[in-house]
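Trainee: Next come the chains, spelled out residue by residue.
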Amino acid sequence: MTPTLEGRLQTRIFLGVTVGVLWTAVIVPFLPEPAGVTLGMSYDMAFGSLLVMTAYGLVWEFLYHALQQLRWDKDWPASYALLAVLVEAPLVWILDFLFPIMSMSGAAMQMSGPMGPMSGSAGLPSPYFPGFAIHIGTTWALIWLFSQGPMRVICVRWRFEGGRVLSVRTAGASPADSQPKVPVREVNGIPAAWLAEATASSADAEHTAYAVNGRAQNGRVQRNGSAVPGDLVQGITCGNGHFCHPGLRYCILCGLSLPLTGMLGPGRRPPLGVLILADGARHVVDHDLRLARVEGPGELIVGDRDEIPAAAAAAEIRLAGWQAVVSSELFRIEVDLPGGGHLHVVPGAVLAELRPGTEFTVGKHRIRYESPYQPTSLEIPGHGPEGRLGQGNGAAASGATAIPSIVKA
Amino acid sequence: MSDLATDGLTAALTWAPGLDPLRAEPAWSDAMVAAAGLRAKPVTLVTVGGGLASFAVVDALRIRGVPTSEIRVVSTLLRPYENLRHLIATGQIQDRDPLRSDSASRVDNIWGFPSYAVEEAIRRFSLRPLWNVLTEPVAAEFYNPSPGQVFRGLDREADRIGWDSMLIAGRAELVRRRIEGGYFCLVHPVDHSPPYLLRSHYMHLGTGYPALEYAPELTEYRLRYQEFFNFVNAYEQHEHVYQVLQRRGGAILVRGAGITASRVLQRLIDDRDHSGQDVRILHLFHDPAEHPPGRRGSGPPAEHGWRYQAFSFPKSAGSGQLREELASLNSPDRSAMIAALSVTTTAKRRGWQRQLRRARSEGFYQAISGEIETVESSRDQRVRLAIAGRAGDGPVRLDVDFVLDCTGLSSRLRDNPLLADLIDHGGAAINALGGLDVGPHFEVRGSGDEAGRLYASGIIAQGGYLAPADSFLGFVSAALLICDDMAAQRACARLSLARSVVGWAKWLSGQAP
Chain A
20 MTPTLEGRLQ TRIFLGVTVG VLWTAVIVPF LPEPAGVTLG MSYDMAFGSL LVMTAYGLVW
80 EFLYHALQQL RWDKDWPASY ALLAVLVEAP LVWILDFLFP IMSMSGAAMQ MSGPMGPMSG
140 SAGLPSPYFP GFAIHIGTTW ALIWLFSQGP MRVICVRWRF EGGRVLSVRT AGASPADSQP
200 KVPVREVNGI PAAWLAEATA SSADAEHTAY AVNGRAQNGR VQRNGSAVPG DLVQGITCGN
260 GHFCHPGLRY CILCGLSLPL TGMLGPGRRP PLGVLILADG ARHVVDHDLR LARVEGPGEL
320 IVGDRDEIPA AAAAAEIRLA GWQAVVSSEL FRIEVDLPGG GHLHVVPGAV LAELRPGTEF
380 TVGKHRIRYE SPYQPTSLEI PGHGPEGRLG QGNGAAASGA TAIPSIVKA
Chain B
2 MSDLATDGLT AALTWAPGLD PLRAEPAWSD AMVAAAGLRA KPVTLVTVGG GLASFAVVDA
62 LRIRGVPTSE IRVVSTLLRP YENLRHLIAT GQIQDRDPLR SDSASRVDNI WGFPSYAVEE
122 AIRRFSLRPL WNVLTEPVAA EFYNPSPGQV FRGLDREADR IGWDSMLIAG RAELVRRRIE
182 GGYFCLVHPV DHSPPYLLRS HYMHLGTGYP ALEYAPELTE YRLRYQEFFN FVNAYEQHEH
242 VYQVLQRRGG AILVRGAGIT ASRVLQRLID DRDHSGQDVR ILHLFHDPAE HPPGRRGSGP
302 PAEHGWRYQA FSFPKSAGSG QLREELASLN SPDRSAMIAA LSVTTTAKRR GWQRQLRRAR
362 SEGFYQAISG EIETVESSRD QRVRLAIAGR AGDGPVRLDV DFVLDCTGLS SRLRDNPLLA
422 DLIDHGGAAI NALGGLDVGP HFEVRGSGDE AGRLYASGII AQGGYLAPAD SFLGFVSAAL
482 LICDDMAAQR ACARLSLARS VVGWAKWLSG QAP
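Chains as they are written, first to last, in the working numbering: chain A, 20 to 428; chain B, 2 to 514.
Rather than coming from a laboratory, the hints here were simulated on the basis of the structure.
It should be emphasised that the depicted structure is a prediction, and the values quoted were computed from it without experimental measurement.
Backbone N, C-alpha and C fix where the C-beta goes; we use that ideal spot for every residue, glycine too.
Watch out, some of these pointers could steer you wrong.
Unchecked claim - Listed below are several chain B residues computed to face chain A (Cβ distance under 10 Å; list not exhaustive): (1) 119; (2) 244; (3) 245; (4) 251; (5) 353; (6) 365.
Claimed, not checked - Below, a list of computed lysine to any residue pairs in the SDA-like style, where the Cα atoms sit at most 25 Å apart: (7) A:383 <-> A:355; (8) A:383 <-> B:248; (9) B:349 <-> A:383.
Unchecked claim - Which stretches of chain A does chain B cover? Using the computed rule of at least three CB atoms under 8 Å from a CB of chain B, they are: (10) 31-38; (11) 50-58.
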């Protein structure tokens, strides 16, 4: 609860009257009091203290409220509320026992016996101190505890309305009139010191030529320098006309929220994901790829399916609709699925689907696949993998489900 | 159709072949609907969205004794936190990380008691969470619940109030006023079966962010280069960025000064420490906070380009004096004040402070300020940027391996077709901050209030009476106010002391309300 001044005052009175009174009624018979103090006198003193604490507390609240203004959040930490007893209780003690006139109830004022000598001997050795300390300490602790939780149950709006116990109806509707200018943030420059450094580190003539519209991979600009369109797949279209994977929540191009119920239609598939090799080299997966081993450093290269002969290929990545699958004629592929799970894929006619986060090992090379596209449960009619993946090896593999010859570890 | 929406609902749904002529009408009467061959059984409340804003309203209504048969939730989400979980996970907040919310702000418990800290203390049999809330924010940082904690609580409460039985798996295309009072909602089921109508006295919209905030240069870059992996938004899947940097190092430019940027930097530095790779981080501030650190002054404490605040708004904007101050202002002044309060901030967490101090001193983290002027894809799989600084300086050219944009989520209402229609045909107005213009009880102004009402809460109601509308506390606070308004029209019971205490006891013991 973040209090307002009014809320503070209301809360102080409410909790004093409820929790404070109830607890005082319960605790007083158990307080250690000096000999000669009757239960009635004890109650008088205790309720007197409670009254003083609550009444002068209203004054303290103004001070706390003023202190609260120094805090940017305009909040009041729970620990401050608890520790406030350390400044409030001494005042109550002083008022109660040094200047009883100012505080005690009429009944207590009339007490002669024990109260007489009490004035002026209000220090810690006072026989009244243990009882006072226990009473005020426990009452304060209980009030504080109550305000930390149960108060919210008996008064649901209390914590939303700055500690008000008496709920206020929010002010009536004020009409929406002319709209103000939202402050425009100023644009700041780049520090001069940093500028030089940046320019020095980046002004590199080699980078002046850009592969506009080219699929540049490791310096190799693809076919005629123009982007190769992806396969035709089923997807949904965002409000701005961008074609997207049917399971995406937000458009990959503009960020618009995508309706899961949007109509499926054909479109050109954007790049599906990236393969990340052990050395951090990455290859965009936007068409069928082959992985081949070469002599010397580098060891594994990734290339177009038609650039690397099948005989040299250590593994193949093939795309079926929105799904990438990996297979190998030569090697056993070890697949670590995201979130646990392990597959051994025997060489030959089997395929393992690549989900985002999958890592797989071909020979001794470890490769990771990342993609923004999680497999979707939506059926994508006419674009199942059978048409392409079944060719040649006759495996009735569906990229998403049937992965034959796979042994779970 | 999934079986979620079949039981007991068939009477409320009618297949709708003759809908097209209706779409042109700003308000529908029963006769028009019947002429189109439609019939819809009324319920008390339909809420559209099915996220946390919807959940809070439904929860509050159930606690006030409204039966599940009188509430329908139109949603494409299976669980109320599904989208939230997706967004925070892509923003690198793991299930055990701290969220930017406090202990008592619980969507699954309108009382906020027992708070997350108490719950965790009991579960772990530890006093540490309690000590944390006792000493926050003076000697300790604010207690923050973890997503796992929040989701578990929401699951429990969803089961308790019968959330699934109220859920309709579909998307709301239109909300139209019913001439006889109340509203119609046109629903497209997720399984692509024909659309149908729902009718209700009260309608609530909690549709959330209409879009991710993709910078125009990001969209342009992607369209132009068809390159999707080197310049990414923090709220989309971008794990490959970390995976590449873990393996070979590189330079990355992070843009943004909010909590997501903080968390992303943590991930980058953690990964760097772990992998030992040379990862260099450039951090681009749009508008670096320069005034000296301190707790007073006209804005939150600021340092090194960041502005620090425990939560997205000052704490008292949710319940204390700032909230009252805002409520007392007229609409334009309020919008201006909320705009001033809602500058991008991040939480000052000690771990992050330590990490960034070290990163600065070791020289692999460099904060810069300016605006991205151009972004180009270079042929060696890098991104070439031109960053415009102060007037007079020429743009700085930079080559980096990745650009990670953490500038947030978009709240442009028109990006959501349902809201666009509501603004164009339903009479709803937009306030100066781009939210729906709502009244003190979150009723959408101008949408007709004869019999039945239209409410909106969550981010789509930003700029209204409650500044942190898009927060756990904001959802609950809005739900309470909405239900109070409905109770005033006798649509549900008042939340009296007795009902509150009994409701809380039922919550505690896990009984259905």
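Trainee: Can residue 251 of chain B be said to touch chain A, with a Cβ gap under 10 Å?
Mentor: 8 Å, holds
Trainee: Return the status of the interface hint for residue 244 of chain B: holds when the least beta-carbon distance to chain A is below 10 Å, violated otherwise.
Mentor: 5 Å, holds
Trainee: Closer than 8 Å Cβ to Cβ for three or more residues is the test here. Does the segment 31-38 of chain A pass it with chain B?
Mentor: violated (count 0)
Trainee: Using Cβ atoms only, decide whether residue 245 of chain B comes closer than 10 Å to chain A, and label the hint accordingly.
Mentor: Since chain A brings a Cβ to about 5 Å from residue 245 of chain B, closer than 10 Å, the hint holds.
Trainee: The hint names residue 353 of chain B as touching chain A; please verify it with the least Cβ-Cβ distance against 10 Å.
Mentor: Violated - the Cβ of residue 353 of chain B stays beyond 10 Å from chain A, reaching only about 19 Å at its closest.
Trainee: Would you check the hint for residue 383 of chain A and residue 248 of chain B, treating anything up to 25 Å between C-alpha atoms as holding?
Mentor: It holds: about 16 Å lies between the C-alpha atoms, which stays within 25 Å.
Trainee: Taking a Cβ-to-Cβ distance below 8 Å as contact, does the segment 50-58 of chain A have at least three residues touching chain B?
Mentor: violated (count 0)
Trainee: Does residue 383 of chain A sit within 25 Å of residue 349 of chain B, going by the straight-line distance between their CA atoms?
Mentor: 44 Å, violated
Trainee: Once the shortest beta carbon distance from residue 365 of chain B to chain A is found, is it less than 10 Å?
Mentor: Given a least distance of 13 Å, the restraint on residue 365 of chain B is violated.
Trainee: Can the hint on residue 119 of chain B be confirmed by a CB-to-CB distance to chain A that is less than 10 Å?
Mentor: Since chain A brings a Cβ to about 7 Å from residue 119 of chain B, closer than 10 Å, the hint holds.
Trainee: Taking 25 Å as the top limit, are the C-alpha atoms of residue 383 of chain A and residue 355 of chain A close enough?
Mentor: 14 Å, holds
Hints 5, 6, 9, 10 and 11 from the list above are not met by this structure, while the remaining hints are.
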